[in-house]
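Could you slot chain Z onto chain U? The hints should help.
One line per chain: the protein sequences are U and Z, in this order.
Going by the numbering used here, the first sequence opens with residue 530, and the numbers climb by one from there.
Going by the numbering used here, the second sequence opens with residue 16, and the numbers climb by one from there.
Since the hints were derived computationally from the structure, they do not count as laboratory data.
Keep in mind it's a predicted model, so treat the numbers as computed, not measured.
Please note that the accuracy of each hint is not assured.
[As the list claims (entries may be wrong)] In silico lysine-lysine, BS3-like type, Cα no more than 27 angstroms apart, as pairs:
#1 U:Lys818 <-> U:Lys757
#2 U:Lys676 <-> Z:Lys149
#3 U:Lys757 <-> Z:Lys64
#4 Z:Lys45 <-> Z:Lys83
#5 U:Lys721 <-> Z:Lys110
#6 U:Lys697 <-> U:Lys749
#7 U:Lys676 <-> Z:Lys146
#8 Z:Lys45 <-> U:Lys599
#9 Z:Lys146 <-> U:Lys818
#10 U:Lys668 <-> Z:Lys149
#11 U:Lys542 <-> Z:Lys149
#12 U:Lys757 <-> Z:Lys171
#13 Z:Lys114 <-> Z:Lys149
#14 Z:Lys152 <-> U:Lys757
#15 U:Lys721 <-> U:Lys697
#16 Z:Lys110 <-> U:Lys542
#17 U:Lys818 <-> U:Lys846
#18 Z:Lys184 <-> U:Lys676
#19 U:Lys818 <-> Z:Lys149
#20 Z:Lys64 <-> U:Lys734
#21 Z:Lys195 <-> U:Lys542
#22 U:Lys749 <-> U:Lys734
#23 Z:Lys146 <-> U:Lys721
#24 Z:Lys146 <-> U:Lys542
#25 U:Lys697 <-> Z:Lys64
#26 Z:Lys152 <-> Z:Lys171
#27 U:Lys542 <-> Z:Lys184
#28 Z:Lys195 <-> Z:Lys205
#29 Z:Lys146 <-> U:Lys668
#30 Z:Lys114 <-> U:Lys542
#31 U:Lys676 <-> Z:Lys171
#32 Z:Lys45 <-> U:Lys698
#33 U:Lys721 <-> Z:Lys64
#34 Z:Lys171 <-> U:Lys599
#35 U:Lys663 <-> Z:Lys45
#36 U:Lys775 <-> Z:Lys64
#37 Z:Lys171 <-> U:Lys542
#38 Z:Lys45 <-> U:Lys676
#39 U:Lys668 <-> U:Lys698
#40 Z:Lys152 <-> U:Lys542
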Amino acid sequence: MSNDRIWMLLTRKLSGEATQTELEELYAILAVHPEQLHSIEEITQLWNQVTPQDTDFMEATFLAHVERMKSRGIILNTDEPVLDENEIEKVKSISAWKKFRIGIFATLAIIIIFAGWSLLHSKNITDTQSIATKTKEVKTLNGTRTKIILPDGSHVWLNAGSKLNYQKKFDSNVREVFLSGEAYFDVVHNAKKPFIIHTATINIKVLGTQFNVKAYDDDKITETSLIKGSVEISLKKNASKKYILKPNQKLVLLNEILLDGDMKVKSTHKDSGDIAMYAPQIKELTYLKNDNNTNVESSWTRNILSFEDEPFYEVAKKLERWYDVSIIFENKRWEHQYMSGAFENENLAQAMNALKFTTGFNYKQEGNTIIIY
Amino acid sequence: MRDNNNSNINRKINELKYQISRYEDQTAYKSLFFILFPSLQNFIFTILKSRVWAEEIASDLMMDVWIKRERLQDIENLKLYLFVSARHAALARLKQENKIDVFSLDEVEVEFISDYINPAQASECTELEYKIAKTVKGLPPACQLIYKLAKEDRLKYKEIAEILHLSVKTIDNQLAIALKRIAEVIGTHKKIFP
Chain U
530 MSNDRIWMLL TRKLSGEATQ TELEELYAIL AVHPEQLHSI EEITQLWNQV TPQDTDFMEA
590 TFLAHVERMK SRGIILNTDE PVLDENEIEK VKSISAWKKF RIGIFATLAI IIIFAGWSLL
650 HSKNITDTQS IATKTKEVKT LNGTRTKIIL PDGSHVWLNA GSKLNYQKKF DSNVREVFLS
710 GEAYFDVVHN AKKPFIIHTA TINIKVLGTQ FNVKAYDDDK ITETSLIKGS VEISLKKNAS
770 KKYILKPNQK LVLLNEILLD GDMKVKSTHK DSGDIAMYAP QIKELTYLKN DNNTNVESSW
830 TRNILSFEDE PFYEVAKKLE RWYDVSIIFE NKRWEHQYMS GAFENENLAQ AMNALKFTTG
890 FNYKQEGNTI IIY
Chain Z
16 MRDNNNSNIN RKINELKYQI SRYEDQTAYK SLFFILFPSL QNFIFTILKS RVWAEEIASD
76 LMMDVWIKRE RLQDIENLKL YLFVSARHAA LARLKQENKI DVFSLDEVEV EFISDYINPA
136 QASECTELEY KIAKTVKGLP PACQLIYKLA KEDRLKYKEI AEILHLSVKT IDNQLAIALK
196 RIAEVIGTHK KIFP
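Chain U with its partners taken away, still in its complex shape (with noise of 0.2 angstroms):
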């Protein structure tokens, strides 16, 4: 059949596998199909495209492999100097490493639980300028989402609006990361290096595990939402509070708390939907009523904008950094509005529209503003 036959064909002209005879066929069989030569063009295109690379994490791949080789006993001497300043970080560290060992032994032994500590590992624990010199930050304007993979392999999609800072190497003890925003992590199992993200008002531990972090500075809540395997959240406030999630659940926790830590917050604020959330709570995650396997928590790593039964300025909230728009309530009773909706492939106006249509709004758009009334 010719139709299966252009493919063949195209594939091999493409590899560089095809004989004269066989392109001239191609051409042959194109003449006749000329509305194939549209999908012939994008695939060519596609097939060609270089895939860019990711210099920075190259950068570090290397190293660390020029490290593994010098474990080994190989020495290359890269034009890297970012080799020497480590050889005298280590110095530097190993010795403010000693008197702090002499110093406080009994923090030591509890540090030694927290963290599995390895002395082989130890050495930029006391090092704060050197981690600062040695991050890398990627931030994601409204309207953009990425994906970035850490040092140590981790994944992690960041959302909209967000902001992510990492070590370039991940040579501590520790992996840490420092995270303002929304991000999907699925960080990979190393026990003797357990992975701590870093949120304005928590800190995350895990040692391997998918879940996601939402912690907006202009959101109300910090929410983690845990998929697989077992996180250990603590506050910044008071770090004796812990909590560990089982998976499919969340904790969800009010910031103006967190922040101020001043109960009385409570009587000054007036949101009643919100009054159920002052304290910490662990809820299930929530699934689409129509499809149960996407939660509204990690669905947006799959381009896929949902909200079930979340009142209008939160999904408001939503809206604004997937479409880069600011939304503004000249009727504020649209606000408290509840409201369930997933997109997909919907523009701005596909998914005003949609929302409109069954919740009997009415808006106007004004350059990158939405108006609500």
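Quick look at chain Z alone, frame taken from chain U:
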């Protein structure tokens, strides 16, 4: 155009190989690492499904290139040699861990280098590109792997056949299947968004 690209890469690898074996050129070694390591790591991952092992074994293989640098010129096709070694090393690890040393092409887990989108380019990914990526992910694992080795790692049919212990005919057929599916997606996409 692609033909060019393909032989360009191989020429580059040969130049680097010469530099390394003749002059112990460490910059050339680093360039070679940048070209080959991600492909090897990805390929080992498809068999072992562990990023940690994949990185470790790929690193061992690249280390070997440096250790054996004096005899590097004896290896005619370095890329193919490393892919075949990667297969052996992965299977050896499989045997060591699971007491089996076979793997089924129907159960490989294929990762593309292009999955790790550069942050600057992620936002430029068009809807069609997204749909195509999704389609490729929906192909049978063996078909995905063959497509990946041909497109992303720029291996020839004969090389893929040798690495995967398949016939060239199978490679030919599987690639045609992959391309046909992609063409279908492009066709439907065009009907909706002309």
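Results for each hint:
1. U:Lys818 <-> U:Lys757: 21 angstroms, holds
2. U:Lys676 <-> Z:Lys149: 16 angstroms, holds
3. U:Lys757 <-> Z:Lys64: 17 angstroms, holds
4. Z:Lys45 <-> Z:Lys83: 15 angstroms, holds
5. U:Lys721 <-> Z:Lys110: Cα-Cα ~25 angstroms, so holds.
6. U:Lys697 <-> U:Lys749: Status violated; Cα separation ~31 angstroms.
7. U:Lys676 <-> Z:Lys146: 17 angstroms, holds
8. Z:Lys45 <-> U:Lys599: 15 angstroms, holds
9. Z:Lys146 <-> U:Lys818: 25 angstroms, holds
10. U:Lys668 <-> Z:Lys149: Distance of about 25 angstroms is within 27 angstroms: holds.
11. U:Lys542 <-> Z:Lys149: 24 angstroms, holds
12. U:Lys757 <-> Z:Lys171: Violated, at roughly 39 angstroms.
13. Z:Lys114 <-> Z:Lys149: The hint is violated at about 34 angstroms.
14. Z:Lys152 <-> U:Lys757: Answer holds: Lys152 of chain Z to Lys757 of chain U is near 22 angstroms, not above 27 angstroms.
15. U:Lys721 <-> U:Lys697: Distance ~19 angstroms between Lys721 of chain U and Lys697 of chain U Cα, so the pair holds.
16. Z:Lys110 <-> U:Lys542: Roughly 39 angstroms between the alpha carbons, so the hint for Lys110 of chain Z and Lys542 of chain U is violated.
17. U:Lys818 <-> U:Lys846: 22 angstroms, holds
18. Z:Lys184 <-> U:Lys676: 36 angstroms, violated
19. U:Lys818 <-> Z:Lys149: 24 angstroms, holds
20. Z:Lys64 <-> U:Lys734: Given that 27 angstroms is the threshold and the Cα spacing comes to 24 angstroms, the pair holds.
21. Z:Lys195 <-> U:Lys542: Status holds; Cα separation ~14 angstroms.
22. U:Lys749 <-> U:Lys734: Roughly 22 angstroms between the alpha carbons, so the hint for Lys749 of chain U and Lys734 of chain U holds.
23. Z:Lys146 <-> U:Lys721: 39 angstroms, violated
24. Z:Lys146 <-> U:Lys542: 24 angstroms, holds
25. U:Lys697 <-> Z:Lys64: Distance of about 24 angstroms is within 27 angstroms: holds.
26. Z:Lys152 <-> Z:Lys171: 22 angstroms, holds
27. U:Lys542 <-> Z:Lys184: Satisfied, since the Cα-Cα distance of roughly 15 angstroms is no more than 27 angstroms.
28. Z:Lys195 <-> Z:Lys205: 15 angstroms, holds
29. Z:Lys146 <-> U:Lys668: 25 angstroms, holds
30. Z:Lys114 <-> U:Lys542: 42 angstroms, violated
31. U:Lys676 <-> Z:Lys171: 30 angstroms, violated
32. Z:Lys45 <-> U:Lys698: 18 angstroms, holds
33. U:Lys721 <-> Z:Lys64: 20 angstroms, holds
34. Z:Lys171 <-> U:Lys599: 35 angstroms, violated
35. U:Lys663 <-> Z:Lys45: Between Lys663 of chain U and Lys45 of chain Z the Cα gap is close to 21 angstroms, so the pair holds against 27 angstroms.
36. U:Lys775 <-> Z:Lys64: 24 angstroms, holds
37. Z:Lys171 <-> U:Lys542: Between Lys171 of chain Z and Lys542 of chain U the Cα gap is close to 12 angstroms, so the pair holds against 27 angstroms.
38. Z:Lys45 <-> U:Lys676: 25 angstroms, holds
39. U:Lys668 <-> U:Lys698: 19 angstroms, holds
40. Z:Lys152 <-> U:Lys542: 23 angstroms, holds
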